[in-house]
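**Q** Chains as they are written, first to last, in my numbering: chain A, 1 to 177; chain B, 178 to 278.
Note that these hints are calculated values from the structure, not bench results. Virtual Cβ for every residue (Gly too), placed ideally from N, Cα, C. Incorrect hints may appear among the rest.
[As the list claims (entries may be wrong)] Footprint (simulated), chain A over chain B, 3 or more residues, beta carbon under 8 Å:
no.	region
1	190–199
2	242–252
[Claimed, not checked] DSS-like mimics (lysine-lysine), calculated; alpha carbons at most 30 Å apart, straight line:
no.	chain 1	residue 1	chain 2	residue 2
3	B	K203	A	K173
4	B	K203	A	K98
5	A	K139	A	K129
6	A	K116	A	K129
7	A	K116	A	K98
[Stated by the list, open to error] Computed, partial: chain B to chain A, Cβ under 8 Å:
no.	residue
8	N204
9	I206
10	A207
11	L210
12	E213
13	H237
14	L238
15	A256
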Amino acid sequence: MFENILFLLSATLTIVGVVGVVFSSNLMHACTLLLASLFGISGLYAVIGADFLAAAQLVIYAGGVVILMLFAVMLTGGTANNNNKFGIDKIAGMGSIKTYIIAGFTVIVTSLTVLKIIANYIKSYEAHKLPEFESTVEKIGTLLVTDHVISFEISSILLLGALVGAAVIARPKKGQE
Amino acid sequence: MVSLTSYLFISFVLFVAGIAVMIARKNIIAIMLGIELILNSAALNFAAYTRFVNNNLDGHLMSLFIIVIAAAEAAVGLAIVIRFFQIRETIHIDDASQLQA
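Please model the entire structure based on the sequences and the hints provided.
**A** Spelled out as structure tokens, the structure:
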């Protein structure tokens, strides 16, 4: 019961935030709504027992990425320079709303038919009884230095490269300004 | 209520919204918001399959690496955006038509 309520709240937050990101015309509002949907995704992780993932999602996205995005919006002229609407109707040759509706229905009907046909040949999984929740932090720590140690090291090198690369790219070249 | 199907549906909504943002927006920062949404939908799929299908923690680790890669990608991409704005005074995607300043 409690899980269902938490799931519904998180899913609503996620989907409302995502729709806001797609349709809001102010980029600052879009970034803030992205933050809301990332909070919702963190709640979804918490519902399925991924406690470490939920915490990492909150810390890295809410504390890092969205703040970085907001700084980038402000450094590139603020909202005055960054108003852009959902612009698919402004592209020449993209057709009218009727075209989208017909194309959407065609895609839905075709994909449902194809799925219905190939569903007989795909092995389905049986829903078994779900295990109890337990803390995943210790197991993730063990796995990171045993089975997945190469990915761990590669991601550390990737982060170092991203740090140095971002600093080098954002620095003004000599002779300019 | 809390089932694999509902999680896959939410992940699908995230993915479609990310693709729509990437196609329809003309602002480089908004396009990066779409990329974040797509990466999040993939990470959510990994975690959902870990819970409902195979119950080992490899999916959680993949989600963790996806989050790390998304952070690195956001840092480098926004550095490129800021540098581009210093050179061209705009962040419209159609103005980014040359490799050299």
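**Q** State the violated hints by number, sorted upward, taking the hints as numbered earlier in the document.
**A** Checked against the structure, no hint fails, so every one of them is satisfied.
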